[in-house]
Amino acid sequence: MGLACRQLWLCLGWLLLCSMPAAAATLSIVVDDSTEMPLAELRGGQLLQGWHKDVGELLAARLGREPRFIVLPRKRLPLALTSGNADIVCGYQPAWLPGPLQWSLPVAEHSDVLVTLLRDPRPRKLADVADQPIGTVLGFHYPELEAALGQHFIRDDAPRAEANLDKLLAGRVHHVVINSLYLGYRIKRGLFRQTLHPPLTVSKAREQCALSPRSTVTLAQLNAAIRQLQASGRLQAAYNRYR
Numbered sequence: 000m001g002l003a004c005r006q007l008w009l010c011l012g013w014l015l016l017c018s019m020p021a022a023a024a025t026l027s028i029v030v031d032d033s034t035e036m037p038l039a040e041l042r043g044g045q046l047l048q049g050w051h052k053d054v055g056e057l058l059a060a061r062l063g064r065e066p067r068f069i070v071l072p073r074k075r076l077p078l079a080l081t082s083g084n085a086d087i088v089c090g091y092q093p094a095w096l097p098g099p100l101q102w103s104l105p106v107a108e109h110s111d112v113l114v115t116l117l118r119d120p121r122p123r124k125l126a127d128v129a130d131q132p133i134g135t136v137l138g139f140h141y142p143e144l145e146a147a148l149g150q151h152f153i154r155d156d157a158p159r160a161e162a163n164l165d166k167l168l169a170g171r172v173h174h175v176v177i178n179s180l181y182l183g184y185r186i187k188r189g190l191f192r193q194t195l196h197p198p199l200t201v202s203k204a205r206e207q208c209a210l211s212p213r214s215t216v217t218l219a220q221l222n223a224a225i226r227q228l229q230a231s232g233r234l235q236a237a238y239n240r241y242r
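Quick note on numbering that gives the first Met the number 0: the sequence shown kicks off at 0 and runs consecutively.
Any given hint could turn out to be false.
To be verified - Listed below are the simulated DSBU-like cross-link pairs for lysine-lysine, each with C-alpha atoms no more than 35 Å apart in a straight line:
1) 124 <-> 203
2) 187 <-> 52
3) 124 <-> 166
4) 203 <-> 187
5) 187 <-> 74
If you are wondering where the hints come from, they were derived from the structure by calculation, not from laboratory data.
Put together the whole structure using the sequences plus the hints.
Written out as structure tokens, the structure is:
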């Protein structure tokens, strides 16, 4: 092959390479491996469906990125973010996830409630459950209960919310603190049929996304994406899907 032909093939190859679309950047989204539906359905370390998947995909699309979900134990979330191995985690507050992270605008409203079966005496205020074991999730913080009960807050940890409901039904604990969205999801689908006293509200919070300080996504870009999704109603629709 002559020099002119080789140069022609090189030029054609270069033009073909330049015309190929560049691979989209990714948005790495961490999900706690203790999370359950409606927030997340996990199987074999993969996120299959749920609020985290919906919101992660919405944010990634708005940012022009491909979503990549990373399922990790809760205690490893801060390191994944601060080291730059992940971009964001959503559904948290700064008090729940310490570290040099950047915090976005709220993406959802969260409510924890204290529930008691009808067969047990009804607590009418948080002080009524002082010195009684309360079903809690390992690694979760409950600052409102700690403030209300102090040293009289007796935790009975389980790895997941479902395990706490099992303890409640078995009579191993008489009270459980639980996410109201999760509880309503299970009741609505017939997965929890026992009658409860009216729940006591433990806390209400506006949940945010924590952004890695090493992410190539800026906080301004993330907040702009959230504002756009809020204005379109798509963030609220993702939440309402599981109510």
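The hints, checked one at a time:
{"no.": "1", "hint": "124 <-> 203", "in the structure": "holds, 16 Å"}
{"no.": "2", "hint": "187 <-> 52", "in the structure": "holds, 21 Å"}
{"no.": "3", "hint": "124 <-> 166", "in the structure": "holds, 22 Å"}
{"no.": "4", "hint": "203 <-> 187", "in the structure": "holds, 21 Å"}
{"no.": "5", "hint": "187 <-> 74", "in the structure": "holds, 31 Å"}
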